[in-house]
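Protein chains in written order, with the working numbering: chain A, 390 to 874; chain B, 29 to 466; chain C, 59 to 309.
Hints should not be assumed to be uniformly reliable.
Simulated coverage check for chain C against chain B, where a stretch passes if three residues somewhere in it have a Cβ under 8 Å from a Cβ of chain B [what the hints assert, rightly or not]: (1) 102–112; (2) 144–151; (3) 224–234; (4) 258–266.
What the hints contain is simulated information worked out from the structure, not anything from laboratory work. As the structure is a computational prediction, the values presented were derived from the model and not from experiment. Note that the Cβ used here is the ideal one computed from N, Cα and C, for glycine as well.
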Amino acid sequence: MSLPPDAATLPPPLDAASPANPVMGIDQAAGNFSYKMDYEFDAGTGLSEKTVRYISAVKKEAPWILEFRLNALQQFLAKPLPTHWATPDLANINFDKIRYYLASGQKPKRTWDEVPDDIKRTFERLGIPEQERRFLAGVEAQFDSEAAYSNIKDVVAKQGVIFANSTEALREHPEIFRKFFGKVIPTGDNKFSALNSAVFSGGSFIYVPKGVKVSHPLQAYFRINAENFGQFERTLIIADEGSELTYMEGCTAPKFSTSTLHSAVVELVALKGAKIQYITVQNWANNVFNLVTKRGVAHEEAEIKWIDCNIGSRLTMKYPGVVLKGRKARGEVISIALANDGQHQDTGAKMIHAADETTSNIVAKSISVGQGRSTYRGVVHIPKHLKGCKNNTECDALLINTNSRTDTYPAITVRGDANSVQHEASVSKVSEEQIFYMQQRGLTEGQAMSLSVNGFVNDLASQFPMEYSVELKRLIDLEMEGSVG
Amino acid sequence: MSSLTETNRLVGSFTPEFFAAHLASVSHLPGWWLDRKRAAYEQFASLPLPRRTDESWRFATLAGLRLDGYCRPAPVARADLAHAPVELAQSGQLLFANNRLVARENLAAGLAERGVIFDTLHHALQHHGDLVQAHLLAQPVPPGAEKFTALHTALLDDGAFLYLPRGVDLPAPLVVLHYAHGAGAAVFPHTLVIAEQDTRATLVDCFRSSGADRHFACGRNDLHAGHGAQLTYAAAQTWSRETLSFQSNATVVRRDARVQSLNLHLGGRQSRHESHSQLQAPGAQSEMLALTVAHGQQEFDQRTLQTHQAPHTSSNLLYKNALLDQAKTIFSGLIVVDADAQKTDAYQSNRNLMLSDDAEANSLPGLEIQANDVRCSHGATSSRIDPEQEFYLQARGIRKGDADELLTFGFFEEVLSQLASEALHDSFRDLIKAKFRK
Amino acid sequence: MSLLEIKDLHVAIGEKPIVKGLTLTVRSGEVHAIMGPNGTGKSTLAKAVAGHPSYTITSGDVLLDGRSLLAMQPDERARAGLFLAFQYPSEIPGVSIANFLRAAVQARLGEGEELDASGYYRRLYAKMDLLQIDRKFTSRAINDGFSGGEKKRCEILQMAMLEPRFALMDETDSGLDIDALRIVADGVNALRRTDLGVLMITHYQRLLSYIVPDHVHVMWDGRIVKSGDKSLALELEAKGYDWVKNELVSA
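Produce the entire structure from the sequences given, and follow the hints as far as they go.
Structure, rendered in structure tokens:
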């Protein structure tokens, strides 16, 4: 493998024996992990024009993409952190210590013996297959899913569906993807969309032709490789007129990411009458900042539905949105967040109505355990002179322990007398009566608590595909352990 | 030069000279108060005007907040005011115009003997300095109010002071009228209520313009409800349609006390109202009510804070806005439940009735909850008159216009009916009716 | 003597036809009952005749004493003498029954004519006594938090006060226990006069034991398929709606 032209100018790799873990970006000397590193392509730590040029060069990108990246870098550097409304914890991200690009095929190596016992137990109890466990624990560089991926790719290709990673798609199908790339979420939308636009790699680009209904959900699961589970993946899905697609990403197993910053951008375009359902289940390690921008544009009579489940991470900020651009377009966000000790789930939804008779629906449920904090932030906007628009928002927060925390910050703007908007939020705890009743029937307090919490999210969890909702349930059981007493 | 321009923008008409003239006009004030005023002026002059990125000013029309074109108003006699009497049986009344007392109706018989003080703040500063110092502008108001609270503190001239000693039960409401008179008049109304243990009283604040001139109003009320006190505060804001108004409220509710406040917002060009209820001890209850009729190009910006600082406290907020023409409203509310405030009941509801295709309603209902054994909820709705209700009334032979009026008043009634005093209820209802007639 | 004529009426909700050519004449003093299974268009008929904006009359006509109602607003139809007792009366918080009825009575007076308040209350209280309704009722908001029985009694009270020429009673018995049903039926019977025509819409024969109709019609798929006297209701009760269906199929 030859080095890219400017590789010689890159900063030297850090000493592997250093107590600070350079990949993590923060000092984890006191943590459980230690492993050697051996990178094939590595952009070093820190972010500069050089880093961006390096990434673009490795990917052999067209000049317009490099230009796009460089412009994004300027915007990223110019934008302040949004701490005037978001948590000050964002200021703890050390952008200089982050490694912005790791090529595929290479991952930090550690042996199975080095994987902490509690993680092994978690895998066990979640019923994760052996090989996936090894991948998820970072023992294996790559999960052998290429066969499955090629298979599904071939199947959908017969229907004319394009399913590729971002590099491949922009190189081979620019005529399809360039038109929408960076249009749903402009580079300067926020600091982190700008960051992603500068250094993105991996992610899925999908085009579904007119009238094609993709019968099986496409899964990022089949696309597991280093880039896909990377930090800055970029996803763009275009559903042409009358087509239908379900896309799933993530899995419920805890991901022991080697990076502390994950910042993805996901853009969806549903053209006239198309339907896109985008399902995410994420369970990040406790040190990860997960700052994701997700938005879709729904044209006339199109439908975009985000189903989003966030567990783990130090801080997740994610507000999937739908711009309802065409008449009778529909948007929906279904969201479950679980914040345990030391975690802050700052999630929500944005519904921007831009045409008559558009409807949107938001149902957000959060669970705060221990000192966990969950925040709902929402925007509903119905501008001037639209008719027959409707939004319904429901936020329910469940607080498990006396010191658990929840916040709700919706912002609703309505103009005119021909639209209607309704927002309801409530906060509750698990009913003592309910727990007692179940204990009286022989369940432990913990089991009763798990049942209650599962009951709280049940109406939403049932909208997930079967295997996801089963795993979600197990995961909630695990998270609820030790929460009582 | 540019820094001078910037300074001018920051203070507008309220220049150091304006402040000096104000200080020169007041006399016999205690030193601590003068010190606070001077510090407040410095703070006002240095704080920036609200900016786009200030969350506490989100959605507000910042261009409307210019501070120039106002003046220290000349003294005015009662006879010069376009004054309409308040049709209520009263225990006493103070009438201020352009920041000075111009008329009063003394306390009902026997109340002064029982130790009730209902007098000017000016009088209280001289004779009850400790009481005033403990309560005047002593409590925080919602974020965003800093600059205008400082301005109010610096330029506060006179206002109403009510002290209710333990166990006093006022038979009828006390009424305070605050008038602005003359073009460009800047007024700084203040009402301070200290209700000691087991008292019961109702105070009505009326904010009025004498004539249609452009005014600047920057007012404040401080309400303190001691152990077991029951306080009702009702305010009717009917400034002229050209007035720029800032009004803030700080309410403290002690053990087993109950405060009910109802703010009726009808006047002004751009009006901001900030209200903060602190529930400081078990059994404290606060009911925060507001009604707004926004028409023409009026903008009403209401920010509220319900802070639960102790267990077993409750608060209930209901803010209703009716929007006509090109009017705009903003409701931003926050319920904060502190970590040890278990068994809190807190509700917050904002209902917007959209009566025009050009009106704009913004709602920001917020919760920050740090205790788990609580009942908290909030809701916000914006919609037109319910067509099914409209049809129901029409099906009984009521014309559409009349049906809509009935339904609109029905919308207000949910708030007005919370007032225990029928006379107060009727007088507020009449004010709303009068606005709809115009 | 007044006449309510429904002539070959077709009604649609959106694009979907519900009433498909229904003809019926009700005269003052008569009580008609329309019976039929759910979804056959009974309630649609009542709402469309009263002028509900969600229902489109695609053809046919409704005449009150020869004058078409179709171009009239719902309130004009009401003032012309039509009363709809709703199956699900709207709950209107904040508007008291007294104020509401007063506005409704006032609306029936001529321009510049003022309501005689004391006369109005005298009449209101008399009607309330007749319907065994507590005086405190009038200060409550319309139907707000009312039980099913209270709502229906409130409907009958309004009917008594507004003295319509024709009353369309939509599933008046639904949601009522036997006591409430008896009170409501007694109320309606007390209002039966030679100058009032009644069209009752009901799924069950139950109500018709208390308010005995002069004519019974069976509605099926948007049309009247069978008419008779009160014995038809009993026959229907005994044989069920399948009986009508089978007859239709064989015919």
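Open item on the list: Is the listed coverage of the region 102–112 of chain C by chain B valid when you require three or more residues with a beta carbon under 8 Å from a beta carbon of that chain?
Closed with: Per the Cβ count (4), the hint holds.
Task: Annotated coverage of the region 258–266 of chain C by chain B, confirmed only when three residues or more have a Cβ within 8 Å - done: Answer violated; 0 residues pass the 8 Å Cβ test.
Task: Coverage of the region 224–234 of chain C by chain B, judged on three or more residues with CB within 8 Å - done: violated (count 0)
TODO: Report holds or violated for chain B covering the region 144–151 of chain C, Cβ cut-off 8 Å, minimum 3 residues.
DONE: Answer holds; 5 residues pass the 8 Å Cβ test.
The structure shown violates the earlier hints numbered 3, 4.
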